[in-house]
Structure formats: C-alpha cells, structure tokens
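Following the hints, complete the assembly by docking chain B onto the known chain A.
Protein chains: 2
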Amino acid sequence: MARFKFTISATEGAARTGTLATTRGEIRTPAFMPVGTAGTVKALYTDQVKQAGADIILGNTYHLMLRPGAERVKRLGGLHAFSKWSGPMLTDSGGFQVWSLSQLRKMDADGVTFRSHIDGSEHRLTPARSIEIQADLLGADISMQLDECTDYPCTHEEAERSMKLSLDWGARSLEAFGEREHQTLFGIVQGSNYPDLREASAKAVAQQGFGGIALGGLAVGEGHDQMCRTIDMTMPHVPEDYPRYVMGVGKPIDLVEAVARGVDMFDCVLPTRAGRHGQAWTWDGPINLKNAKFAEDLSPLDEAVPCPASQDYSKAYLHHLIRSGEYLGSMVLSWHNTAFFQALMQRMRDAIAAGEFKELRTELAARWEATKSKPKSEAS
Amino acid sequence: MARFKFTISATEGAARTGTLATTRGEIRTPAFMPVGTAGTVKALYTDQVKQAGADIILGNTYHLMLRPGAERVKRLGGLHAFSKWSGPMLTDSGGFQVWSLSQLRKMDADGVTFRSHIDGSEHRLTPARSIEIQADLLGADISMQLDECTDYPCTHEEAERSMKLSLDWGARSLEAFGEREHQTLFGIVQGSNYPDLREASAKAVAQQGFGGIALGGLAVGEGHDQMCRTIDMTMPHVPEDYPRYVMGVGKPIDLVEAVARGVDMFDCVLPTRAGRHGQAWTWDGPINLKNAKFAEDLSPLDEAVPCPASQDYSKAYLHHLIRSGEYLGSMVLSWHNTAFFQALMQRMRDAIAAGEFKELRTELAARWEATKSKPKSEAS
Numbered sequence: 000m001a002r003f004k005f006t007i008s009a010t011e012g013a014a015r016t017g018t019l020a021t022t023r024g025e026i027r028t029p030a031f032m033p034v035g036t037a038g039t040v041k042a043l044y045t046d047q048v049k050q051a052g053a054d055i056i057l058g059n060t061y062h063l064m065l066r067p068g069a070e071r072v073k074r075l076g077g078l079h080a081f082s083k084w085s086g087p088m089l090t091d092s093g094g095f096q097v098w099s100l101s102q103l104r105k106m107d108a109d110g111v112t113f114r115s116h117i118d119g120s121e122h123r124l125t126p127a128r129s130i131e132i133q134a135d136l137l138g139a140d141i142s143m144q145l146d147e148c149t150d151y152p153c154t155h156e157e158a159e160r161s162m163k164l165s166l167d168w169g170a171r172s173l174e175a176f177g178e179r180e181h182q183t184l185f186g187i188v189q190g191s192n193y194p195d196l197r198e199a200s201a202k203a204v205a206q207q208g209f210g211g212i213a214l215g216g217l218a219v220g221e222g223h224d225q226m227c228r229t230i231d232m233t234m235p236h237v238p239e240d241y242p243r244y245v246m247g248v249g250k251p252i253d254l255v256e257a258v259a260r261g262v263d264m265f266d267c268v269l270p271t272r273a274g275r276h277g278q279a280w281t282w283d284g285p286i287n288l289k290n291a292k293f294a295e296d297l298s299p300l301d302e303a304v305p306c307p308a309s310q311d312y313s314k315a316y317l318h319h320l321i322r323s324g325e326y327l328g329s330m331v332l333s334w335h336n337t338a339f340f341q342a343l344m345q346r347m348r349d350a351i352a353a354g355e356f357k358e359l360r361t362e363l364a365a366r367w368e369a370t371k372s373k374p375k376s377e378a379s
Numbered sequence: 000m001a002r003f004k005f006t007i008s009a010t011e012g013a014a015r016t017g018t019l020a021t022t023r024g025e026i027r028t029p030a031f032m033p034v035g036t037a038g039t040v041k042a043l044y045t046d047q048v049k050q051a052g053a054d055i056i057l058g059n060t061y062h063l064m065l066r067p068g069a070e071r072v073k074r075l076g077g078l079h080a081f082s083k084w085s086g087p088m089l090t091d092s093g094g095f096q097v098w099s100l101s102q103l104r105k106m107d108a109d110g111v112t113f114r115s116h117i118d119g120s121e122h123r124l125t126p127a128r129s130i131e132i133q134a135d136l137l138g139a140d141i142s143m144q145l146d147e148c149t150d151y152p153c154t155h156e157e158a159e160r161s162m163k164l165s166l167d168w169g170a171r172s173l174e175a176f177g178e179r180e181h182q183t184l185f186g187i188v189q190g191s192n193y194p195d196l197r198e199a200s201a202k203a204v205a206q207q208g209f210g211g212i213a214l215g216g217l218a219v220g221e222g223h224d225q226m227c228r229t230i231d232m233t234m235p236h237v238p239e240d241y242p243r244y245v246m247g248v249g250k251p252i253d254l255v256e257a258v259a260r261g262v263d264m265f266d267c268v269l270p271t272r273a274g275r276h277g278q279a280w281t282w283d284g285p286i287n288l289k290n291a292k293f294a295e296d297l298s299p300l301d302e303a304v305p306c307p308a309s310q311d312y313s314k315a316y317l318h319h320l321i322r323s324g325e326y327l328g329s330m331v332l333s334w335h336n337t338a339f340f341q342a343l344m345q346r347m348r349d350a351i352a353a354g355e356f357k358e359l360r361t362e363l364a365a366r367w368e369a370t371k372s373k374p375k376s377e378a379s
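For the record, the sequence lines run as chains A and B.
The opening residue of the first sequence carries number 0 in numbering that gives the first Met the number 0; numbering runs sequentially from there.
The opening residue of the second sequence carries number 0 in numbering that gives the first Met the number 0; numbering runs sequentially from there.
No lab work stands behind these hints, which were simulated from the structure alone.
Hints may contain errors.
If several chains are the same, the list does not tell them apart, and a pair holds so long as it fits within one copy or across any two.
[Stated by the list, open to error] Heads up, simulated DSBU-like pairs for lysine-lysine below, C-alpha to C-alpha not over 30 Å straight-line:
1) Lys83 to Lys289
2) Lys357 to Lys83
3) Lys292 to Lys83
4) Lys357 to Lys105
5) Lys373 to Lys4
6) Lys49 to Lys83
7) Lys289 to Lys49
8) Lys314 to Lys289
9) Lys292 to Lys373
Just chain A, same shape as in the assembly (with noise of 0.2 Å):
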C-alpha cells in the first residue's frame, strides 16, 4: 500500500515538524485538520480555509453515507469536486459517529448495523464498507480503518476485547483497501488507559503496515492530564518515521502538549463550533463575544492572527451579530477560530524548526494553564 512520503525536517524533544507529501499536495506537520462535518468547513468558504493555512480537511463519513449517500457522492465526481476542496482530505471511518451520534446500534464482530440519527433508515458499517466509501466512493486521500469505539471509562477486559477487534478491523481494513498509488489507510491505536493495552495494539498496528498510525479513543471526556498519560504511553511504541494522529484533539492547550509528545496531526470540531457559540480562541485564551463586556469594545479579535476575520471586526459589532443571531456572527467567529488554530500550529512548525519549542510551550502552557479540560466525572 502507498505511504506518503513523511519528511521529518526538525525536531526538539519529541516534537518533529516536517511534511507529508500526498499526490493532492504537501501537508505541513504538525498538521491541523478543519473538520467539514457533511461536506463543508461549518460556516466557511473554502477559499478562507485554504487562506487560514489548512492544507489538508477533514469528511466524515458517518454523515456523508447518511446524506447524501457515498454513491451520490461518487456519482457527482467525488468529495473533492462535490464540496470545492482541492487539497488533500482525509476521511474517518464512521465508528465514531455511530457511537456518539446513532441510534439502536449493534455490533457483532464484522461490523455495526445502525439507525439513522437523521431519519432512522437502518445502515451498516463493516471494516470493507468503511473503505468502500472512503476510497473508492469519496475518494479519500487518507483514509481510517473502522475501529470500535469504547465507552468511556470502561474496565480493562472491555478495553481489551474492543481494543482487539480494532486490531482485527485495521487487518481487514488493509485487505480491503489493497494497492493503490495515491491514497493510504491509517492504522488505529486503541486500549483506553491501559497501559499495557495501549503498548499492545501500538506495536501490533505499527506492524500492520498502514501509511499512518493514529490514536483513538482520545477526546471523549478523559480530560487533559490524561489525554497526555495515554499519549505518554502509546508513543514509544509507535516508529518514528510513521505521522502519528491524534483524533478528536482538541483545545489550543492539547495541540502544544501534544506535539510536545511528538504528535504530527490533529482534528477537531471546535474552532467552528466554538465559533457558532460565540467563542473566539485568541493567543490570550477564549473570550466569548456574548458576554457584555464586549458591547462596546472597538478592538478586533486578535491583530496577531493573519485573518482579516481576527483584525477587521469590532468585537462590539460581533457581539451585536452574535447576540442577534445573524450568520455574519458565526461566519466570522468560525473563520477567526480556523485561522487562530492554523496560526498556532505555524508558531509551533516554526518553533521547531529555530529550536524555540520549547520556550513556546512554556509561555503557551502557562497562558492556557486554565483552559485544560478536566475529567468528565469531575466536572460538575
């Protein structure tokens, strides 16, 4: 199966910064991946997508096979031509969604049947399906294998068994996904917080040959410290020469730590959907423009974010927008957050490559120390 050449051109510590060259262009690593939910960057052009600084976005295929069906998808030239993106994309498996998002789901050990959250239409997911509409209809340039995802917490033999039929999976998926030229199939790591689980299905997933080694079962209310425990443990069983994702991931503060831990790519919902809420991430932390200390402020988002979104709105005229509930509120928050989030991740390139990552975690950690995520059982 293709591998993406994966250049690793710096490091310091465990951070790396590099590319990865993918027919459709070169990703810049660390990489992260704005995430067009149904075939759209939520409340945003493309255009401004390609300008914030993302080379590469995100489709999920849990919502796209719902509406408007992979096969239409296909039929209408692919994901790429139907939504305008010309760059790099990659697709997730789907498991996630119908976790999180179906109904009347069940699983057996070929895959899941489930319920539309959408109009209840029963659909089913196996390892082949998954690549099936990733490769071949979407047309994905980077495609997920189908893995199951645990509740969580969840005891060690629960993570065990699911963490196993993932394993099971990804060699199914390879199978199905077989020889092509240009796309590649990431493997996923699973094993909860377990240690000894996580060391396993690394290592048993980094010989299973994928283009790219991913972390699941991150991001679903474990909180920060232990998103990096469990970071902590998997990566010294993951090769180096392999870019190492991990999904669902996250808060500004989760994209330093990570990469400090030597994580190269990410995706996450929330600087759009942050933005729909009214939220803007800036180099200071997140405000949120409903709060009335905003109604009369002049000043823009952040002049430091090179994003006509971050320096040519008032905060008091995105506090009216967002307060009156007009699109123009979500569009330009969205579009701020997207670029405050690449603009990020070009400090933290550019930080590695002079050898300065290090005093930029530290400054950044200790500005963002409070928006670390606690713990779901801890949160009240």
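Chain B only, in chain A's frame:
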C-alpha cells in the same frame, strides 16, 4: 436641505437611468438596495455585497434602535463604521417594522409607542426621534420620514386620515432634519389604492422640499397588478427630477414593471430571505434547491450571473447543503440572489441606455409572468 445631485443620463418611455451622487459615492439608478436589517446583509460579507454590484444598502431603524441601540451605534462610530460598509446607506424610519413586528403599539398624533418584539421593552418613535436616530446616531446618507403604515386593504376614510397624518409627520421630519450638507431626507407618498389620495399625497410631498420621494404602502399584500396600478396613479404627480423609490419591492418582475413606470430605487429582503429558504432566482425564474430533482444536477445556479456563487457551486451540492441545514447553503444562495438582483438592475440600466428596454421588458415579462404576486385576498 441637501438634495444629492440626480442625473438622468437616458430615458426610454417612462423608464430612466442615471446616477444619484451622494457624498459617499454614486448610486447608479435604477438601483436595488440589499437590506442590512440589523447592521448586516444576512449571511453575506460586505465585500460580497459590494462585488455583487450594490452601490447602496439599507439599514433598519427599528431593529437597530432596539439592538444594539442607536446611541450605542453612535458611540461605536456610526452605522457605516460599525458594520464595515463605506458606501452610501439609506435607513428606513422604523415605521414599517413598528407596524409589522412590534407588540402593543399605540398611535397618537405625535408618534407611536410600542413594545420591542425582542424583550417587550417600551420605546417611542416620533418624526423628530426617527430623524435623530437615522441622521445623527446611525449616520444615514439618506433618511426616510416617519410615516404611518395603514393596514391593507383599508377604507378610503382610514387611508385619508393616515395619509394626512404621514404628510404632517413629513413636515415635522423636515423641520427636525434641518440643514445638512452631506445627508438628505426622502418623503413618502401614501394613500393606499385610492387614486385621489395618492395624487393628493404625491403633490403635497413634492412641494415639501424633500431630497427624494418614496411610494409607501406597497408590497403589503396588494399583488403585482395592483402595485402597478398604484404606481401608475402616483407617478404623474411626482416631478421627474426627484429620485423615486418604491419601498419594500420586490420580485424581479415587480422591479422590471416599476422601472418601466419610472421608478429609480428599490429595497427588499427577498434575495437573502429566499436564499435562506433554499430559493434561487435565475434568468429562467425561481428554483428551490430543496427539490429532489436537483440532487444530482451538476449545473451551476446561473452562469450568466457574474458571481462566484452563481457559477462555481453545483445545484447538487447546494441541494445537499440546504437539506442538511448547513450555513454554506444559505450563504451561497443569499450571495447568488443578491448578485442576481444586481445583475438584473445592471441589465435594465444598460437596456435603457441603449434604447432597448422595451424589448428587455417584453422578454422578462414573458419569462416571469407566473411569478407575479396575487392579491393576498386571493391567495389560498
């Protein structure tokens, strides 16, 4: 009071084309003003509004006085700076929305007291307060006199009483407006569907010394044919050297027929409201992208409209976006419709200049016959 220089460069029958020269820039007439209700043309960036061809946009006094508040807009630099629109801006008086949106309104000879539809708070508009909000606080280039919007249909007696009240309020508005070098004020003709009242109103308004004359009380359910009849009965009494503005109109066929009758300016929420509901206006008439027949239609909305929204997105993709409730669907359709309406105005301006408006009118009337609004009494 300042009357902006109005130059008619060509006429064909009653139709005319020219420019209205405001301090903030020229308005090419006939002109369609996109409506920026609450300080934003819904779902569009101001750059897109400008690039679509709009020379002037409209702001709503009622919405802005309630939220964020007119005094606040003033403190924030006025409506132009607040909403990032540097071109000419016209504001309405607030009267129409008090009539259509507010609760518990109470008219008296001096003004109207009403409760906000947002939070129930009590507010009052008088002719002088409306001018203060529009010209002093929001900073409109063109303000509108406060008028009373009568129900439709209404008796001759009620229409006459109301029309006379509006005349009185026009005089009070002029007095409050006073002398201004860079701003002007338009009067409003009322009189429902009654020829004698429209004539009396038009003649009186024409003598009051406004900078332009609007026809009010249209687009309130009278239907296309009655709208044309009312314009017909009014226009002979509106001097030719005034810019003539029909408020709240309308569909493309309404614009064509009103231009044929000598109207110079229009405003309507139709392009953006229709866009949010999945409707696209094209040279071939309106289509609704929700319709299943567009699910695999790869053609663009209308290649003859010079706008990325019109040319670069497939109907199939827009169908998916609208069905999925995605922001981008509303954004692209609102943008396209805004550009289509501007393209229509440009085509009419060009046709009048070339002496070919009659042919264009005949062509478009035939194409769009089916879109003519029926009177609301006949609508099911």
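Requested in this report: With 30 Å as the alpha-carbon cut-off, assign the pair Lys357 and Lys105 to within, between, both or neither.
Outcome: Close neither inside one copy (46 Å) nor across copies (67 Å); limit 30 Å.
Requested in this report: Classify it for me, Lys289 with Lys49: is the Cα-Cα distance of at most 30 Å met within a copy, between copies, both or neither?
Outcome: both (28 Å within a copy, 28 Å between copies)
**Report entry** Homomeric proximity label, Lys314 with Lys289: Cα distance no greater than 30 Å
**Finding:** Within one copy, since 10 Å is at most 30 Å while 35 Å is not.
Requested in this report: Tell me, please, which holds for Lys373 and Lys4 at an alpha-carbon limit of 30 Å: within, between, both or neither?
Outcome: Neither, since 37 Å and 65 Å both go past 30 Å.
Query raised in the report: Within a copy, between copies, both or neither: where do Lys292 and Lys83 come within 30 Å Cα-Cα?
Result: Between copies only: 21 Å across chains, 39 Å inside a chain, cut-off 30 Å.
Report task. Could you place Lys49 and Lys83 in one of the four classes (within, between, both, neither) given a Cα distance threshold of 30 Å? Result -> both (11 Å within a copy, 24 Å between copies)
Requested in this report: Tell me, please, which holds for Lys292 and Lys373 at an alpha-carbon limit of 30 Å: within, between, both or neither?
Outcome: Answer is within; shortest intra-copy Cα gap is 27 Å, inter-copy 49 Å.
Query raised in the report: Is it within, between, both or neither when you check Lys83 against Lys289 at 30 Å Cα-Cα?
Result: The answer is between: 20 Å across copies meets 30 Å, while 33 Å in one copy does not.
Requested in this report: Tell me, please, which holds for Lys357 and Lys83 at an alpha-carbon limit of 30 Å: within, between, both or neither?
Outcome: neither (38 Å within a copy, 40 Å between copies)
Hint compliance for this structure: hints 2, 4, 5 are not met, and every other hint is.
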